[in-house]
Structure formats: structure tokens, C-alpha cells
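Asks: Below, each chain spelled out in residue letters.
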Amino acid sequence: MSVTVRIPQPLRRFTENRDVIELSAGTVGELLEQLERQYPGITERLREPDGQLRRFVNIYVDGEDIRFLSGLATEVRDGTEVSIIPAIAGGSESVLRC
Amino acid sequence: MAQATNTVEAETRSYVTGLRCRLCRAEYPERPVAICEECFGPLEVEYDYAALVRVISRELIASRPPTMWRYRELLPLGVPPRVGAETGYTPLVPAPRLGAALGLKNLYIKNDGVCHPTLSFKDRVVAVSLSKACEFGFDTVGCASTGNLANSVAANAARAGLKAYVFIPEMLEQAKILGTQIYGARVIAIRGTYDDVNRLCSEIVYTLNWGLVNVNLRPFYSEGSKTVGFEIAEQLGWRAPDAVVVPMAGGSLLTKIHKSFAELQHLGLIPPARPRLFGAQARGCNPIVAAIKEGSEEIRPVKPRTIAHSLAIGDPADGYFAMRAIRESGGWAEDATDEEIREGIRLLAETEGIFTETAGGVTVAVTKKLAEQGRLSPDETIILTITGNGLKTMEALTASPPITIAPKIAEVERLLREGI
Numbered sequence: 001m002s003v004t005v006r007i008p009q010p011l012r013r014f015t016e017n018r019d020v021i022e023l024s025a026g027t028v029g030e031l032l033e034q035l036e037r038q039y040p041g042i043t044e045r046l047r048e049p050d051g052q053l054r055r056f057v058n059i060y061v062d063g064e065d066i067r068f069l070s071g072l073a074t075e076v077r078d079g080t081e082v083s084i085i086p087a088i089a090g091g092s093e094s095v096l097r098c
Numbered sequence: 001m002a003q004a005t006n007t008v009e010a011e012t013r014s015y016v017t018g019l020r021c022r023l024c025r026a027e028y029p030e031r032p033v034a035i036c037e038e039c040f041g042p043l044e045v046e047y048d049y050a051a052l053v054r055v056i057s058r059e060l061i062a063s064r065p066p067t068m069w070r071y072r073e074l075l076p077l078g079v080p081p082r083v084g085a086e087t088g089y090t091p092l093v094p095a096p097r098l099g100a101a102l103g104l105k106n107l108y109i110k111n112d113g114v115c116h117p118t119l120s121f122k123d124r125v126v127a128v129s130l131s132k133a134c135e136f137g138f139d140t141v142g143c144a145s146t147g148n149l150a151n152s153v154a155a156n157a158a159r160a161g162l163k164a165y166v167f168i169p170e171m172l173e174q175a176k177i178l179g180t181q182i183y184g185a186r187v188i189a190i191r192g193t194y195d196d197v198n199r200l201c202s203e204i205v206y207t208l209n210w211g212l213v214n215v216n217l218r219p220f221y222s223e224g225s226k227t228v229g230f231e232i233a234e235q236l237g238w239r240a241p242d243a244v245v246v247p248m249a250g251g252s253l254l255t256k257i258h259k260s261f262a263e264l265q266h267l268g269l270i271p272p273a274r275p276r277l278f279g280a281q282a283r284g285c286n287p288i289v290a291a292i293k294e295g296s297e298e299i300r301p302v303k304p305r306t307i308a309h310s311l312a313i314g315d316p317a318d319g320y321f322a323m324r325a326i327r328e329s330g331g332w333a334e335d336a337t338d339e340e341i342r343e344g345i346r347l348l349a350e351t352e353g354i355f356t357e358t359a360g361g362v363t364v365a366v367t368k369k370l371a372e373q374g375r376l377s378p379d380e381t382i383i384l385t386i387t388g389n390g391l392k393t394m395e396a397l398t399a400s401p402p403i404t405i406a407p408k409i410a411e412v413e414r415l416l417r418e419g420i
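Residue numbers (our numbering), protein chains in the order written: chain A, 1 to 98; chain B, 1 to 420.
Bound-form chain A, shown alone:
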């Protein structure tokens, strides 16, 4: 038994094209560390240098956004399903100023 992590398509080039990874961890944060150990470079896409999740990355634990739970400290256990899903957003006016 372990935690199931669903990998979004844009990250599968890090995971040998696997869409589901099984890992053992106690929290979402630990899970990301395990993921990095197994697939180096992957969490650079997910976290800012200070360790915070990137703004347009959402993580769901059994279908619930971790921002409604305890963020990266959200607990996971055997059988939990964790989904990493890029958020869809548009753009803004500031392109004109670049």
C-alpha cells in the first residue's frame, strides 16, 4: 500500500511517461521530496525556490484542493490519491509594456 500520485501530461517527460506513481510519504510536502528523489528536476516545475508551490500549480488530495486543507503539510496515508494539476489562467494587459 502507498500513496498514488497522478502526474499531469506536461510533467510526464520527467517520469518516463508514467501517469501514475506510487510513493510512501506522510505529507504532501514529503511526497514532493520523494518525487524529486525518484525523478530529479520534476519539483523545480512545481515549487518556487523558497519551497512554496508555484502560483499556477494545484494539488488535490482525494479530490480536495490542498489550499482548503493544510497546504503542503496536508497528511496523506496509504490509499490516498494525490493529483497534480496545472491551473488554467489567461493573461493580462502588461504584455504591452514588455
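Hints were generated in silico from the structure; no laboratory data involved. Predicted model, so just to flag it, every value in this text is computed and none were measured. It cannot be assumed that every hint is accurate.
Just so you have them, the derived chain B footprint on chain A, three or more residues with Cβ under 8 Å [stated by the list, open to error]:
id, stretch
1, 4-17
2, 53-61
3, 65-71
Covered stretches of chain B, as calculated for chain A (at least 3 residues, CB under 8 Å) [claimed, not checked]:
id, stretch
4, 33-39
5, 153-164
6, 212-219
7, 313-321
Quick list of the computed label-pair ranges, beta carbon to beta carbon [as the list claims (entries may be wrong)]:
id, chain 1, residue 1, chain 2, residue 2, range
8, A, 64, B, 415, 35 to 45 Å
9, B, 137, A, 18, 25 to 35 Å
10, B, 272, A, 69, 40 to 50 Å
11, A, 18, B, 178, 38 to 48 Å
12, B, 60, A, 18, 50 to 60 Å
13, B, 271, A, 15, 24 to 34 Å
14, A, 18, B, 209, 38 to 48 Å
15, B, 339, A, 71, 30 to 40 Å
Note that beta-carbon positions come from the ideal geometry of N, C-alpha and C, so glycine has one too.
Once you have looked at the hints, place chain B on chain A.
Replies: Chain B in isolation, oriented as in the chain A frame:
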């Protein structure tokens, strides 16, 4: 003959140079993708403004039919639109009676409640994105929707002969469900909120070769909203207003109206100005308003609880960009309770003869608050963007039973004596 061909080419040329990530600046060719592969940042359509400034003029725009396509050079389409050729150029209505009620002398309603063909501003974004879907060769399209987008995708897909799958949250007004099914679209309700629907759709595009207008076609889709701002400026006689009040769900419309005024200034079509953008949300789903009021950089998602279903997005996709546009423009944001929303709908109907949906009630109620707070000044030119039609959200209101009488003149006279 050669000249005619050249004219057609000039008329249909695209000025898009590609897509660019808003965060890391990575560049992509034009394709149905919304997310940067490097950093997951949102992709934005880029234009060749140096070429545009030489081509576009007020005269050229004014010479064209009254639709959103009179601004075609500023939209991401290289060919004539496949759907929605008649969409846009909705009335900008002076609203003196509503203005008197709110203490604002130069108030206007931009009434997209009469947009063609499905009576909401979503017809604009769908005109662009489904035309783009055809250009990319999709035969199946769809969307995640709170209702208005569902109606528009279904109607326009029918016209284009495309198969449509529309995903909605399970709690939605009957008129919006019927108004999607009638066009032959497959309507699939998802157990959960719009945010659950959106999440599912962002997974679908990696599995199925579908063009979901507000997911993988989002960079093109959202550009359609700019035409609301273009039209406001042209209808005011080529100038920006002092302030615009905009309802916010995902926050995209507000950011794109902001962008529209910036583009018009950049291209010399309107004089320099700094229109303030004001965002309106329902109290029961106000994540952007809360961040503005707290001065926070973070937008905390919420679980929506409001009668304004079309604004019930608890995790607004463009929340950060909307927040930035509001702050940079010197605007503000406010929210309205369900009761204030109903009062707003009635006030607009009784003063200006316009029946708007719940989102419009939010906009009117918020404008009232902003005027009371002194954030809108009486002499300023102020625009209320009304984005949808009241006939779609009748469940939010209850009709009073009419007085019934016999068909006799004496009965009418009696009623009048009684002061009816």
C-alpha cells in the same frame, strides 16, 4: 481583380506573432495550448503592434459592419470568422434614471444581455475560440461553464456543425440547461462546483483531442473579451471612460477590458487616459474582492454560496491578473449579498428597462456601494458592464401574483380608486 484579392488578404491577415508565457516569457507557435510547459504559467497571444499601428485607424474600423469583427486586426484570427460573424457591437445605453438613483450623472450601460446569438458577452469569446477551433481542425468542442458559456458554445457549435460536450456544475438554472440542450449539445453535469468542473476539463484536454474553449483554446478565447472595451471607447466617441464596473467570475473580462484600453492608447486610437477598473463579486463568492480589501497578494479560494451562479467560481483563474489590473488602474472591488443582488436587478429594470441576470444585479449593487463610498464621483463617465440577460436566471426572483379582475370598466375604476 488583383486589387480585390489584395484587399481580401489585407482584411484577413493575422497580426499574431505567437504565444508567450506570462511568467517565464517562453515562446510558442500558435497552437491549442494554454499552459507553459516550462513553468505552467499562462500563455498570452502576442501581436505585431509595430505593423498594426501602420494599418489600423478609426476610419477603417468605422467603415466596417457593426460587429465585434470591426476590430479584427486585434483578434487572433487569420481567416474570416467561421461562427459569430454577427456578434458584438451591443448598445451603450445612457442611464440617466439609474444614475439619478445612484447619484451619478454620466452613467452608461454596456448591454451585452442582448448579444447575438445567446444573450451574453460569452458570445464574443466563443466567436473567436470556435472559429479558432475550426482553424485548428477540431471536430469536437466544449467548455467548462457556469451556464452562459454553455449556451454560447452549444449554439455556435450547432451553426458550425461541430460536436459539442458541455460540462456544468450540478446546481445550475433550468434556463441555462435547456438553453444548452436545445442546440443538440451533450450536457454533462458534474457533482461539485464549477471549480471541480474546471479541474476535470483541464485533465480532459490531455486525454481527448477536443477543443475546449476556456481550457486549451483559452489564450484565443479570452482575447474576444477585449471587444467589450473597444466598443465602449468607440461608442463614447473614441475615448476611454473614467471608470468601468465589471462583474468578476474568473476575472478574465476585467483584465481584458483593461488590456483593450491599453491597446487602443498604444495604437493612438484614443487619447491617453487611466480608466479605473472596479470589480464586482457576490458576497458568497468573493475571493478577489477579499484580496483587494485585505491588500493581500494571495487569493484564497472559497466554496461558493450565492444566487449569482454565473459568478460562482471559488478559485478564479485570472484572479491575480484581475487584482493587478484593479490596483494598477486605481480602482477597487466590492461585493453584494443575495438580497442586494435582487434589489440591483429590480433597480436596473425599473429605472432603465433592462432586465439583467444575477451577475448584472451584482454589478448594479456594487456600483451603488462604490458611489456611496465616494469611489465613483458624480461627474465622471462611468460604465456598467451588463454581461447577461435576466430571462436566464428567473429562479433568483419570485413573481408577485397579478391582480385579477372581471373584464369590466367598473372594476378598473374600482382598482384606481383603491390606489393600485
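Asks: Give me the numbers of the hints this structure contradicts, sorted from smallest to largest.
Replies: 5, 8, 13 and 14
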